[in-house]
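Undergrad: Turn these sequences into a full structure, and let the hints guide you.
Protein chains in written order, with the numbering used here: chain A, 0 to 247; chain B, 0 to 247.
One should not assume that every hint holds.
Which copy is meant is left open, because identical chains are indistinguishable; a pair holds if it fits in one copy or across any two.
[Claimed, not checked] Below, a list of computed lysine-lysine pairs in the DSBU-like style, where the Cα atoms sit at most 35 Å apart: (1) K207 x K186; (2) K49 x K134; (3) K241 x K38; (4) K241 x K85; (5) K164 x K100; (6) K123 x K47; (7) K178 x K203; (8) K27 x K123; (9) K224 x K162; (10) K123 x K224; (11) K234 x K178; (12) K224 x K235.
Note that these hints are calculated values from the structure, not bench results.
So you can see what is in the structure, the chains are spelled out below.
Protein chains: 2
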Amino acid sequence: MIQKECKYWIPGHSIDCVVLGFENNILKVLLLKMRHSEKWSLPGGFIKKKEDLDAAALRALSDRTGLKSIYLSQFHTFGAYERRGKSEVDRLMHEIGQLNKTVAQWLSNRFLTTGYFAFADVQKARPVPDFISEKAEWVAIDELPTLIFDHLEIINKALQHIKLKLNYLPIGDALLPPKFTMAMLQKLYETILGRALDRANFQKKMLKLGIFDRLEKLKTGAANKAPYLYSFHRKKYERVLKEGIGYL
Amino acid sequence: MIQKECKYWIPGHSIDCVVLGFENNILKVLLLKMRHSEKWSLPGGFIKKKEDLDAAALRALSDRTGLKSIYLSQFHTFGAYERRGKSEVDRLMHEIGQLNKTVAQWLSNRFLTTGYFAFADVQKARPVPDFISEKAEWVAIDELPTLIFDHLEIINKALQHIKLKLNYLPIGDALLPPKFTMAMLQKLYETILGRALDRANFQKKMLKLGIFDRLEKLKTGAANKAPYLYSFHRKKYERVLKEGIGYL
Chain A
0 MIQKECKYWI
10 PGHSIDCVVL
20 GFENNILKVL
30 LLKMRHSEKW
40 SLPGGFIKKK
50 EDLDAAALRA
60 LSDRTGLKSI
70 YLSQFHTFGA
80 YERRGKSEVD
90 RLMHEIGQLN
100 KTVAQWLSNR
110 FLTTGYFAFA
120 DVQKARPVPD
130 FISEKAEWVA
140 IDELPTLIFD
150 HLEIINKALQ
160 HIKLKLNYLP
170 IGDALLPPKF
180 TMAMLQKLYE
190 TILGRALDRA
200 NFQKKMLKLG
210 IFDRLEKLKT
220 GAANKAPYLY
230 SFHRKKYERV
240 LKEGIGYL
Chain B
0 MIQKECKYWI
10 PGHSIDCVVL
20 GFENNILKVL
30 LLKMRHSEKW
40 SLPGGFIKKK
50 EDLDAAALRA
60 LSDRTGLKSI
70 YLSQFHTFGA
80 YERRGKSEVD
90 RLMHEIGQLN
100 KTVAQWLSNR
110 FLTTGYFAFA
120 DVQKARPVPD
130 FISEKAEWVA
140 IDELPTLIFD
150 HLEIINKALQ
160 HIKLKLNYLP
170 IGDALLPPKF
180 TMAMLQKLYE
190 TILGRALDRA
200 NFQKKMLKLG
210 IFDRLEKLKT
220 GAANKAPYLY
230 SFHRKKYERV
240 LKEGIGYL
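TA: Dropping the structure here:
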């Protein structure tokens, strides 16, 4: 099937998706374990000849996670001439060549790749490996295995991009459960930023954004100390997502 | 010459540069006027088979502006299937076909394009048209002529990107003269944001960034009311450019 599809794709351009999830206070990325190799890769795909780039990214992501509607955002196109490394391409094409020579030939050309990132609910995603991988798994961002090509650079660029985004866009949707405490939100920010934040200051600035609905208190033993639960106010969240949080 | 070069480029991928300048308090973009057409286009180029994408963008920009060292930043890759519009491609290829059939054939395929933006000193740039254009000019962003393909969308996306960037990155280098007043900096921000800003608040927030050197006063008639001149402190400017202006 993949051989036939080859000729329906535009040559030389691929897509790679950095799908992030947040589980037990750990930031995780969705990775595929290559067949016949100890290396892992990002889920990705190719673009059909009459398909929009964004549509191809959504399709690739849906194929690999089972998630149909997801906020997917393009962040960078990687176009270094030797981004895939000749010896690594040769070795991979040798493996793939045993499965299918046409595909191996097609893949051995130079590829630029456009990176997209998405936040996904780890509980809802159903990771599915592609034809050159044997399994798909959520892996903690602090415990990444060896990755093929420039995929480590792609992940790092995505994280750097998201860190900057935290300065002007809200975050949390899909990464947090529908109801969450400010402490949970703060933990998410701290995990992405890689540094501790002042609790009072964080709450003040967050609540000032006006993107939350305050709900009931979290049920704990000590009722008077129980923190409030919040949810995102969909419309307000989306407006801030569009306009940005100005510091001016 | 262009015919020979064709086979040295990777097919299906181009580069478009949104080069912005600021002159007489007007934001301007560098455009090329097409030959045999009333339409204008962004300066752009193609990628040599063994050339990095970023290097190709720098080369294209240098060829069109004479500027050798410039801060060029990738912001988006445009990959809609019909981004160039069939009838427009047909017409353009007809014109180019009269100059060179090989090039016309090569250009008639589907192209994805990666957008880069840069800020340039209008006084220093020496706009040079390419082989399919008859002149290169700085055009006020509020008075754009009709553009080919999706170039208007590319400019709008760049502006939207830069507006968001103002929320977390400093701006002004290359757009302002080496010595400037806070009023000049504010005018630049207001022009890009498309809205007025409070003077006192703006100055307070800007100075808090710690990226300026305060110089002598601007020479005016009324000495006691003369505003201070500032310049960017190179190292501090670059550090904030790298780390971002956090609101947290």
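Undergrad: The structure should be examined with respect to each hint, and the outcome stated for every one.
TA: For each hint, the structure was consulted:
1. K207 x K186: both (18 Å within a copy, 28 Å between copies)
2. K49 x K134: Answer is both; intra-copy 30 Å and inter-copy 34 Å each pass.
3. K241 x K38: Between copies, since 31 Å is at most 35 Å while 38 Å is not.
4. K241 x K85: This pair counts as between: shortest inter-copy Cα distance 32 Å, intra-copy 41 Å.
5. K164 x K100: neither (42 Å within a copy, 46 Å between copies)
6. K123 x K47: For K123 and K47, only the intra-copy Cα distance (27 Å) is at most 35 Å; the inter-copy one is 43 Å.
7. K178 x K203: Classified as within: same-chain Cα gap 19 Å, cross-chain 38 Å, threshold 35 Å.
8. K27 x K123: within (14 Å within a copy, 47 Å between copies)
9. K224 x K162: Within. Shortest intra-copy distance 32 Å satisfies the 35 Å Cα cut-off; inter-copy 42 Å does not.
10. K123 x K224: Result: close within a single copy only, 32 Å intra versus 63 Å inter.
11. K234 x K178: within (16 Å within a copy, 44 Å between copies)
12. K224 x K235: within (28 Å within a copy, 44 Å between copies)
In this structure, only the earlier hint numbered 5 is contradicted, and the remaining ones agree with it.
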